[in-house]
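A.B. asks: What follows is each chain in one-letter form.
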Amino acid sequence: MPKSDTFSTDFDPLADEDFGSLPPKLATPSNQRSKRASSGLDDEIGFESSIQNGFTRRRNVAKLDGETSERERIRRMAENVFGEEGLKAPNIPLDTPVSNGYWGAVFALTCIKDVEMIVDAPVGCYSLPATATINYTDALPELENLASSNITEIEVTLDGTTRKVLDAVRRIKAREAAKGHKKQLIVVSSQESELIGADHVRSLQHKHPDALYFTSHAFEEDEWQGRDAALLWLYQERKKRPEGQKEVSVKSPTTINIIGPSYSCFNSYADLHELKRLVRGAGGELHFVFPFEAAYADMDRLDESAVNVVMYREFGETLAKELGKPYLFAPFGMQGTTKFILELGRLMGTEEQAKAFVKKEKKETLLPLWDIWLGAPQDFYSTCKVAIIANESYAQGLKQFLGEELGLAVGTVISRQRSNDTNNYMLRNHLAKERPTFVMGSMNERIYIAEANIPAKFLPASLPIPLITRSVGTPYMGYRGAVYLMQTITNALFDVLFDVLPRERRGTAAGRSESVASQAGGPPAATTPTAKPSADLDEVSGFPWSADAKAVFDQLIEKVPWVARISASDKLRNAAVRETRSNNLSEVTPQMVLKVLPQIMM
Amino acid sequence: MPSEELKSGRSINLTPKESSECSMHSATMCPAFGSLRVTMRIEGLVPVLVGAVGCLYGLDFVSHFYASNKPIVSPSLTTRELVETDLTDKVIGIIKEVVEHENPQMIAVMSLCTPETSGLHLELLPRKLGRTEIIPMRVPAYGVPTHAEAKDVAISQIIKRVGENMAAEGKTSDGQLDGLAVIGEVFPTDPVQLGVAVSRMGVRLRTALPHKDISAYYDAPKAKVAAMLHPFYDRTVKELNSFGVQPLYSAPVGAEGTYSWLKNLGLLMQLPNPEIEAIADEEAQKVADELDQNRLDGVKIMIAGYEGSELLFARLMHEAGAKVCYVSTSIKEGPGTKDDAAWLRRRNIPLLFRKRHEDDLEALDEMAPDLVVGSSNIEAVAKRRGIPAVYYTNIVAGRPILLAAGVRPLVDQMKLILSQLNTYRNMRDFFADVDDDDHVREPLKVGI
Numbered sequence: 000m001p002k003s004d005t006f007s008t009d010f011d012p013l014a015d016e017d018f019g020s021l022p023p024k025l026a027t028p029s030n031q032r033s034k035r036a037s038s039g040l041d042d043e044i045g046f047e048s049s050i051q052n053g054f055t056r057r058r059n060v061a062k063l064d065g066e067t068s069e070r071e072r073i074r075r076m077a078e079n080v081f082g083e084e085g086l087k088a089p090n091i092p093l094d095t096p097v098s099n100g101y102w103g104a105v106f107a108l109t110c111i112k113d114v115e116m117i118v119d120a121p122v123g124c125y126s127l128p129a130t131a132t133i134n135y136t137d138a139l140p141e142l143e144n145l146a147s148s149n150i151t152e153i154e155v156t157l158d159g160t161t162r163k164v165l166d167a168v169r170r171i172k173a174r175e176a177a178k179g180h181k182k183q184l185i186v187v188s189s190q191e192s193e194l195i196g197a198d199h200v201r202s203l204q205h206k207h208p209d210a211l212y213f214t215s216h217a218f219e220e221d222e223w224q225g226r227d228a229a230l231l232w233l234y235q236e237r238k239k240r241p242e243g244q245k246e247v248s249v250k251s252p253t254t255i256n257i258i259g260p261s262y263s264c265f266n267s268y269a270d271l272h273e274l275k276r277l278v279r280g281a282g283g284e285l286h287f288v289f290p291f292e293a294a295y296a297d298m299d300r301l302d303e304s305a306v307n308v309v310m311y312r313e314f315g316e317t318l319a320k321e322l323g324k325p326y327l328f329a330p331f332g333m334q335g336t337t338k339f340i341l342e343l344g345r346l347m348g349t350e351e352q353a354k355a356f357v358k359k360e361k362k363e364t365l366l367p368l369w370d371i372w373l374g375a376p377q378d379f380y381s382t383c384k385v386a387i388i389a390n391e392s393y394a395q396g397l398k399q400f401l402g403e404e405l406g407l408a409v410g411t412v413i414s415r416q417r418s419n420d421t422n423n424y425m426l427r428n429h430l431a432k433e434r435p436t437f438v439m440g441s442m443n444e445r446i447y448i449a450e451a452n453i454p455a456k457f458l459p460a461s462l463p464i465p466l467i468t469r470s471v472g473t474p475y476m477g478y479r480g481a482v483y484l485m486q487t488i489t490n491a492l493f494d495v496l497f498d499v500l501p502r503e504r505r506g507t508a509a510g511r512s513e514s515v516a517s518q519a520g521g522p523p524a525a526t527t528p529t530a531k532p533s534a535d536l537d538e539v540s541g542f543p544w545s546a547d548a549k550a551v552f553d554q555l556i557e558k559v560p561w562v563a564r565i566s567a568s569d570k571l572r573n574a575a576v577r578e579t580r581s582n583n584l585s586e587v588t589p590q591m592v593l594k595v596l597p598q599i600m601m
Numbered sequence: 000m001p002s003e004e005l006k007s008g009r010s011i012n013l014t015p016k017e018s019s020e021c022s023m024h025s026a027t028m029c030p031a032f033g034s035l036r037v038t039m040r041i042e043g044l045v046p047v048l049v050g051a052v053g054c055l056y057g058l059d060f061v062s063h064f065y066a067s068n069k070p071i072v073s074p075s076l077t078t079r080e081l082v083e084t085d086l087t088d089k090v091i092g093i094i095k096e097v098v099e100h101e102n103p104q105m106i107a108v109m110s111l112c113t114p115e116t117s118g119l120h121l122e123l124l125p126r127k128l129g130r131t132e133i134i135p136m137r138v139p140a141y142g143v144p145t146h147a148e149a150k151d152v153a154i155s156q157i158i159k160r161v162g163e164n165m166a167a168e169g170k171t172s173d174g175q176l177d178g179l180a181v182i183g184e185v186f187p188t189d190p191v192q193l194g195v196a197v198s199r200m201g202v203r204l205r206t207a208l209p210h211k212d213i214s215a216y217y218d219a220p221k222a223k224v225a226a227m228l229h230p231f232y233d234r235t236v237k238e239l240n241s242f243g244v245q246p247l248y249s250a251p252v253g254a255e256g257t258y259s260w261l262k263n264l265g266l267l268m269q270l271p272n273p274e275i276e277a278i279a280d281e282e283a284q285k286v287a288d289e290l291d292q293n294r295l296d297g298v299k300i301m302i303a304g305y306e307g308s309e310l311l312f313a314r315l316m317h318e319a320g321a322k323v324c325y326v327s328t329s330i331k332e333g334p335g336t337k338d339d340a341a342w343l344r345r346r347n348i349p350l351l352f353r354k355r356h357e358d359d360l361e362a363l364d365e366m367a368p369d370l371v372v373g374s375s376n377i378e379a380v381a382k383r384r385g386i387p388a389v390y391y392t393n394i395v396a397g398r399p400i401l402l403a404a405g406v407r408p409l410v411d412q413m414k415l416i417l418s419q420l421n422t423y424r425n426m427r428d429f430f431a432d433v434d435d436d437d438h439v440r441e442p443l444k445v446g447i
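One line per chain: the protein sequences are A and B, in this order. Quick note on numbering: the first sequence equals residues 0 to 601 in numbering that gives the first Met the number 0. Quick note on numbering: the second sequence equals residues 0 to 447 in numbering that gives the first Met the number 0.
Here chain A stands alone, though its shape is the one from the complex (with noise of 0.2 Å):
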């Protein structure tokens, strides 16, 4: 690869960070965003003067990759998630699992209910996160409260979007009007408007100086970085503004702030559901839930709250800084969420009420979660091994409450935090190596293991997937959460069970019992009806078998769940056994087991 080595001395100080431990820095200091927001005052005219040979060029770019660094980051982080594997990771990226800045931008503002938004951007950054993927994630036909200045190749060749920008904000300004309805707007920038350079700034000023600007900082910022600025800049912003000059004190200390839940966020809906009656159960008032179910003309109560709840780790924990109050993550599993609900009432002054709710709670509903451990299918906890990718939050609470509280075997777990750090290209060879009886991921990982062909359960717990999660009866988070992931993991035991006990397929076994041939998944069972009559079970279980063919049926029988390892043996050794005697051999050989593994599903 012609690698351009030489550039990154030029470019590399700022990209410097320390991305070999995980999490990766995730807030971008407010000081650092403003003085960028404000550095590219390039409007009408500054367009013009940067096109050059129908290209054009943005100028004002703040922060620099070196490839070189880039390629080492990638390969350092590849190496802490596969280890040695890693450092051989090719420099492949597959299937982005994480959006930029742009889309974060979209998506925590837009569920603001007075907000009226305008992208900056072509019709297809419109029309994915607008009309497209929200369908499948949260439902919904359409974000109405987005329009676009649908840029085309004239703007981008030529006259610079700023015409349409100005046209957009004026009809919708119009339409609200016409309604009697009072909305905030604001005009946000995308990766092709940025790319032009194109910067709204000070035309607004000019026009129409109520209506705000955000730079989503598309090509530097990852989804969360975009969603964790957006959140923090309209509360900053505000405070610059004459709606949001009022003195604010606390209202009582026990009034509660959620800080994070917006669109397009994996189960939100059920999670934020589950927050707030953790909220309620330890003696808060929930006082405001930002931005979703949020008003731009309410923000005031951000500061009017004792505590702040960040629903996530991946963004809003900025903005809980700045609010300078005490803040806590939402919390997962049984033994995470006891800490939150009794921490949460320490700095309300509630204790005792938190520990009376904890109490009450066991006996209710953490009820279940007591007798599934009773019973025996929590026998195979320890023997399931789990692969989670997904979110930070839900990697290390679905890591802590799996692995750590129920002692299932987990394995790989990645926290997604910036696009393409994981290297999916690695994740999809060590997935079909691993094996793993659940992994919990995205639609990417739900392909990996399909492509490979391995019988691992996938259990969704990360965008993106289409995934509709409306429903509040589906949390992760919190004691609900606890329950009903224990409930969904025993059942996707089960169902491993299910996949692997013997099944005879209707109408192929004329006579007697052909387990082998006849299991869901594996081929039709063209050679079964040609083949000698097969043996019965004496034969099989007296037939030799080559040391080599026994040391390879083992290696691959450690493979498989143990919940399945019974049936799967049995399988694998019948089928094993046939086909060597339709190859007339007088044992079992290597080659004979694997020529056959296609056909068993393990």
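Bear in mind the hints are in silico, worked out from the structure with no lab data behind them. Just so you know, not all the hints are guaranteed correct.
As the list claims (entries may be wrong) - Here are some chain A residues pointing at chain B (derived, C-beta under 7 Å):
#	residue
1	141
2	150
3	217
Where is the CB? At the ideal position from N, CA and C, for every residue including glycine.
We have chain A; now place chain B onto it with these hints.
C.D. replies: Just chain B, lined up with the frame of chain A:
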């Protein structure tokens, strides 16, 4: 810069609507999805999508849902590449690694808005590495305005390459063209039906594109006639034309459509007229018989999709007795739409190309249809009003529509939806107090 491809998208952009207001709510999927949909379904092809992270995330999402379960190689642009010119080197480097580790038969490199703007030089990519063909496809949304047209980009680029290969190997047909190729994503048995019908005229159906086998693309340039079953394959027409393949537009949909399509095919194939006349008449009669049995008389139907095949569906609905009150599509008017557009206009059916979402909303207000077949957002608006509505892309596009076998399935489907009228109304009534007068939703709340 891909002047040819960009020009074709430009016409609409430079022509303001009468109201002089541009669209603020797009009426198409991100265009690049079209090329992903075609390429991801080709076996032995690795798709490489170059763009900003947000674009890659969204396109990965929708194409893993709608196109195939195939991973997508997704090099994203970093800030550094915006100011330096080594983006091309980076993409080449990644392609080399893909070839080294996967050794695919073909790699399609699709470039989105941002690399197109910042100067990704697709023309500098190697044509071939080892056995792997590397095919560039430029699909910036500002230049290729719909995902339908991006399908055209994908197919035409592959045909261009296989044509060059055939020429280099001296394997072109030298004017000895034979048979029929059909272009357009249709129901799997539609080409089969078509093959049977044209075989009566002595015409062999060679291939149907898009196809999962790369070899099918090598077959298309050998056909005498290529039937553009969907109207937006202008680039593909141009490529095939360079081999002497003649395009046939429209499709055998409905009785009149079947008759004229088979007649036109006969003409292009230079077959004796009386025989063709007889066969065309007979096939059309079969369609007419089906249409007699499957009626939608008096149903007022609004068709507002973005797939580009809406005109054919409108013809079928009209012949089945429905009152088609509005047809809109996101593709542009062109040679491929000429016959169908004229046919619809002769029947005073309002027809709109390069529509805006706002146009559909206005039409919905004005027309008060019984049934809406449209994009997912217009569908939602209609359902809010208790009007039976479905998503064109899921329910109509790619379903059986050709010849006699193409009548009943879609008519039945429409009847089925209409039979649910009470369900749609009950739903609307139940949730009537949820939405305000403008049908604008209060933001979501998670109640407890």
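A.B. asks: Now, for every hint given, state plainly whether the structure supports it.
C.D. replies: So, going through the hints one by one against the coordinates:
| no. | hint | in the structure |
| --- | --- | --- |
| 1 | 141 | holds (4 Å) |
| 2 | 150 | holds (6 Å) |
| 3 | 217 | holds (6 Å) |
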